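Q: Protein sequences appear in the order of chains A and B.
Residue 125 in the numbering used here is what sits at position 125 of the first sequence, and the numbering runs on without skipping anything.
Residue 198 in the numbering used here is what sits at position 198 of the second sequence, and the numbering runs on without skipping anything.
One or more of the hints may lead you astray.
In silico lysine-lysine, PhoX-like type, Cα no more than 25 Å apart, as pairs [what the hints assert, rightly or not]: (1) A:122 / B:375; (2) A:214 / A:114; (3) B:203 / B:340; (4) A:122 / B:374; (5) B:203 / A:122.
Some chain A residues flagged as far from chain B (calculated, every beta-carbon gap over 12 Å) [said to hold, decoys possible]: (6) 29; (7) 30; (8) 180; (9) 233; (10) 262.
Please keep in mind that the hints were generated in silico from the structure rather than gathered at the bench.
Just so you know, these numbers come straight off a predicted model, no measurement behind them.
Ideal Cβ positions, reconstructed from N, Cα and C, are used throughout, including at glycine.
Okay, here's what each chain looks like letter by letter:
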Amino acid sequence: MLSNGFYVAGIDMGTAFAKVVVLNGYGIISSRVLPAGKNYLETAEKVMQAALNKTGVNMTDIASIVATGNGAANVSFACQQVSDMSCQARWARHVFPSTMAVIDIGSQSTKVIKLDEQGRMKEFITNEKCAAGNGRFLQVIAYVLGVPLDEIGPLSLKSEKVVKFTNSCAVFVESEVISRVAEQQKKEDILAGVHASIAAKVASLVQRIRSEGKHVLAGGGARNIGLVRSIKEKLDCPLLVPDEPQLTAALGAAFIAWDGLQQE
Amino acid sequence: METKIRPLKMTEKLMGFVGKYWQDLWENHRAGKLVAWCSGVSPHEILKGFGISSVYLEGYGGFCSVAGISTDLCNRAEALGYSPDLCSLIRNFIGATRGTPAPGPEMLPFGGLPKPDLLVCMPYCPGIYKIWERYSRYLGVPLVVIERPRLHDALGKEEINRIMRDTISELQEMITFLEAFTGRRFDYDRLSQSIAYEQEASKLWWDVVGMCRNIPAPMSILDAFSHLFPFHCYRGEPEAVTYYRELKSELDERVANNIGSTIGLEKYRLYWDNLPIFFRIPEHIQKFASYGAVPVAATFPFYFGFPELDPERPLESFAKYSLFTPANVGLQARIDFTTKVVGDYSIDGLVMQRSRTCLVVNMGQDDILKELTKKTGLPSVVIEGDVCDSRFYSDSEVNSKIDTFMEILARQGQRKGQGDDCGL
Ligand code: SF4
């Protein structure tokens, strides 16, 4: 049995952000999020170093590192690569043991991961090759509207008249948004409409995979309270939201690193 | 230990066989002999009875996709005004024959398609029929359409008998038309001979596919998709029999010596649903092999050939072939057939390929998956792809789905683990 003093880390190299969680048997020691640069390995080293800063822990003290996310293969200092969905499932099992599915709204794609009774990944589904259902789409819309990304959620909650978008293509919705702005529609109404269209896509994934019971939201998209509310309205099941949804895959990766050491 | 692919000797011979067919086809065309472009299950065997050379156009689309030029050809069809939503096999074909800018013969597999004297269509899908109608006008050549109703589950015996009679009489009408068109009397003996070859090749082909039931499987079913090409080229010809006899004997040897398609353990056996993604076959074989997984079963190979063909009753048995091929039956029959294949091949997981632009094969796929999951409890993954248009395919997305799926399989534990590492 491993002593609680050992350190492990999970690193999630997403397409928009790189995240690291360092933990030991007593809990999370440190975590860090940085924008993903052009060079995955460089970013990975940077975010890792940033997470270790001021902790008194060195790279050489870390017994195991698990990498996940689109750029995981580039993290040459990781001991193992695991898919982000396995990491999300592992995180959910630990943090919300009664949950039956994870909805992960990442920058590149949206996924629904169905769990079995033991909290292990049983099945998964991802959105089709279209940006309209994921985080990158929200970044584009925020840019078009000139609203900082962190503010689009709270602003959308002020909406009194949700704008309906008929199109499901990200590029067309972008030009529709520009037309609505020209028509002097309020930004909060436009944002509420965009959230509703993403929520509809999420709901259709949940229906297709036929997941039931408690669902938990994860990924950067879950930081947007406007989107969270829209998803809650669309789903016919209880929805849990963690405090730091952007870190969930990295945390799951760290748990997997810990599990691996325990088994050795 | 790293898993490596063990190539079949017949794969080296494949292009020789196929190349010879195209060379002969072009020579026949240049010598003034008649050439027919055929689609669906068209009765190539009847054409042989008139000495007409036939080309299977969907098969040509497969070649273009394997050659990596189909997306370019699809673009050339779109430049003419065709929608990207149209089936990519059809766009590929339009791009190859009328595309703008016109592709030079050096770009196309086998120098392209010789201009036809006749179009023959026994369609799987309405899209195919409509495009031949258009080509008949454009090229000014006759179009023979043999209607082949799709069977649905609720049809009774009476209705099926009526459909059989209608199909046979359509085949007879085709013969009458061709007698007038060629000015020749139909050679029934040649038809029987051709059906006999087709039957023999069908038996061998189904045997070859059936050998993947062995653990370890002597060949990946994705490889089998490529070995379908001689079937497309040499319909009703002795060359197909020769080819599949040789392929079968190579596989027999592997089975006898317990040699699998990969070097290393065959840990997971997979079922592949729907059409192949021709432009990624080797990559998919490699990707699965890196996990010790081998796709060993599919229903698509059974769309080709019909061991019940009967040279004594050529038209009747051909009508039966065209109607009862698994591609043409009702949804419940498809579900039953797929469930049987999954059961027979000791499958551990299901890979459901959703071919973006083929509505015909996609329709019902969700029902098939739901039923399969209910009956077998096997884990599954849906990957999005396309037969010919790589713009509907993303390597990183598919690879990450496969990675995740393999993690699910690994957690369930390998159950076969047979194979060898003898390094042959
Ligand atoms: S791929 Fe599908 S849509 Fe295209 S010709 Fe074949 S059956 Fe029809």
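Q: Confirm or reject each hint.
A: Hints and how they fare:
1. A:122 / B:375: Answer holds: residue 122 of chain A to residue 375 of chain B is near 16 Å, not above 25 Å.
2. A:214 / A:114: holds, 11 Å
3. B:203 / B:340: holds, 19 Å
4. A:122 / B:374: Between residue 122 of chain A and residue 374 of chain B the Cα gap is close to 14 Å, so the pair holds against 25 Å.
5. B:203 / A:122: Given pair residue 203 of chain B, residue 122 of chain A is violated - Cα atoms ~39 Å apart, limit 25 Å.
6. 29: Holds: least Cβ distance 27 Å, greater than 12 Å.
7. 30: holds, 27 Å
8. 180: Correct as stated: the minimum Cβ-Cβ distance to chain B is 27 Å, above 12 Å.
9. 233: Given a closest Cβ separation of 26 Å, the condition holds.
10. 262: Given that every Cβ of chain B is farther than 12 Å from that of residue 262 of chain A, nearest at about 16 Å, it holds.
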